[in-house]
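> Construct the entire structure; sequences and hints are all you get.
Protein chains: 2
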Amino acid sequence: MSRYSPSVAKLISELGKLPGVGHKSAQRLAFHILAMPEEEVKTLADALMTARTSTKLCAICQNFTDQDPCPICSDPKRDHSTICVVENPRDVATMERMRDYNGLYHVLHGVYSPLNNVGLDEIKIRELITRLQTSTETKEVIIATNQTAEGEATAMYLARLIKPAGIKVTRIASGLPMGSDLEYADDVTLSKAMQARHEF
Amino acid sequence: MSRYSPSVAKLISELGKLPGVGHKSAQRLAFHILAMPEEEVKTLADALMTARTSTKLCAICQNFTDQDPCPICSDPKRDHSTICVVENPRDVATMERMRDYNGLYHVLHGVYSPLNNVGLDEIKIRELITRLQTSTETKEVIIATNQTAEGEATAMYLARLIKPAGIKVTRIASGLPMGSDLEYADDVTLSKAMQARHEF
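Just so you know, the protein sequences line up as chains A and B, in that order. Here the first sequence is numbered in the working numbering, starting from 321 and rising by one per residue. Here the second sequence is numbered in the working numbering, starting from 321 and rising by one per residue.
Just so you know, these hints were derived from the structure itself, not from any lab. There's no promise every hint is true.
Identical chains blur together in the list; that is why a pair holds if it fits in one copy or across any two.
Derived lysine-lysine pairs resembling DSS-like cross-links, with alpha carbons at most 27 Å apart [unchecked claim]:
#1 K344 to K488
#2 K362 to K344
#3 K337 to K362
#4 K344 to K376
Written as C-alpha cells, this is what we have:
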C-alpha cells in the first residue's frame with residue numbers, strides 16, 4: 321500500500337520539481353496545502369496559471385512582461401542609449417531596486433555554459449545583436465552577467481561581438497564587497513580588486 | 321513603477337504565504353514558474369486543486385484520505401485494537417515508513433498550545449473520545465505526540481481522559497537517539513533517558 325493517496329503523491333511529486341524544493345519540503349508544502357481553505361488553494365493555482373499565461377517576453381529586451389514592449393523599454397524618461405545585459409529577469413529586479421540605473425536592459429535568459437549544455441544559441445544573444453543593428457541609439461552596452469566562469473566567458477564573447485560595431489562595451493566592476501574584511505576575501509576576488517585599483 | 325507586473329507580483333505574494341517560503345524564495349520560484357512550459361504549470365496548478373478537492377478527513381482516524389474510511393482504517397489485516405495518536409498526517413507517513421507498527425492511527429491535527437491559541441477544542445480530541453466510546457475493540461492507545469512541552473501536555477491530558485475508561489494508555493519512549501553521543505545530549509533528554517533506564 322502506498323503511503324499517500326494518488327492525488328497527494330502527485331502533488332508531492334509536482335512540488336518536488338520546483339527549484340530548491342526537496343522531497344521533504346515537498347511533503348511539508350503538500351500537507352500545508354491540504355490543510356489550507358479550498359479558496360486559498362484556488363487563489364494560488366489561479367495565480368500560477370495567470371502569471372504564466374499573461375507573461376510573455378518583451379520583444380525588445382526579452383524581460384518577462386505582460387505588455388509588449390515592456391514598461392521599461394517603452395518609458396521615454398529612461399536613457400535609451402545604454403543597455404545593461406543581465407543573465408535573467410531577477411537581475412533586472414535587483415538592478416531596479418538599486419534605483420541608480422536609468423538605462424535599458426537586455427535579458428539573456430541564461431549564460432554560455434557548455435558544461436551544462438547551454439550553447440550560444442540557447443541564450444538571447446542573437447536578439448541583442450539584432451537589437452543593436454536595428455536601433456542606432458545605443459552608445460554603451462554594460463555587461464552585468466555574474467562574476468562566475470560562465471558569466472565572464474559570456475561577457476568576453478559579447479564584448480568581442482559588439483565592439484567592432486563601434487559601441488562602447490563595459491563590464492561591471494568586481495572587487496571586495498562593501499563592509500567585507502580583506503582577511504576573508506578569496507584569492508580571485510582579491511586579485512581582481514588589486515587589478516582594478518584606482519587613484520584617489 | 322512597480323518592479324513586477326501585477327500577475328507576477330500576485331504570484332510572488334501567494335507563493336510567499338507557503339510555510340518556509342520567504343520573499344526571496346518566492347521570487348525565485350515565481351521566475352522559475354514563468355520560465356516553465358505552460359503545460360507543466362497547468363499540471364502543477366491542477367495537482368494543487370485535485371489534491372485539495374479530492375482529499376478529505378477519514379471519519380474514523382481524521383487522517384487525510386481520498387476514500388472514507390481511509391485505507392488503513394478499512395484494512396482488516398491491521399490490528400484494530402491499537403490506536404497510535406499523532407499530531408499530524410506527516411507523522412502517520414513517518415510511522416508507516418518504519419514498517420514496524422501495524423495498528424491504527426488517530427490524527428489530532430495539532431497539539432494543545434494555549435500560547436499559540438490552539439485550545440483543546442481546536443484539535444481532534446473529541447473525535448478520539450467518541451471513537452473510543454463507539455468501538456469496543458480498542459485495547460491500547462499509544463500517544464506519539466512530539467517530545468515538546470505542548471506534545472507532553474497533550475499526552476498527559478489524553479492519558480487522564482482515556483485511562484478511566486479502562487483502556488491502556490502508553491507514551492512512546494524518549495531518550496538518547498541511536499548513534500548519538502552522551503556528551504552532546506541535552507539535559508532534559510539525558511534526564512528522561514536516565515528515568516527510563518531498563519535492566520539487561
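> At most 27 Å between alpha carbons: which applies to K344 and K488, within, between, both or neither?
The answer is neither: 49 Å in one copy and 34 Å across copies each exceed 27 Å.
> When Cα atoms must be at most 27 Å apart, do K337 and K362 count as within-copy, between-copy, both, or neither?
Close inside one copy (20 Å) and across copies (14 Å); limit 27 Å.
> First find the shortest C-alpha distance between K344 and K376 inside one copy, then the shortest across copies, and answer within, between, both or neither for a cut-off of 27 Å.
Between copies only: 22 Å across chains, 33 Å inside a chain, cut-off 27 Å.
> Given identical chains, is K362 near K344, meaning Cα to Cα at most 27 Å, within a copy, between copies, both, or neither?
both (23 Å within a copy, 23 Å between copies)
Against the hints set out earlier in the document, a violation occurs for number 1 only.
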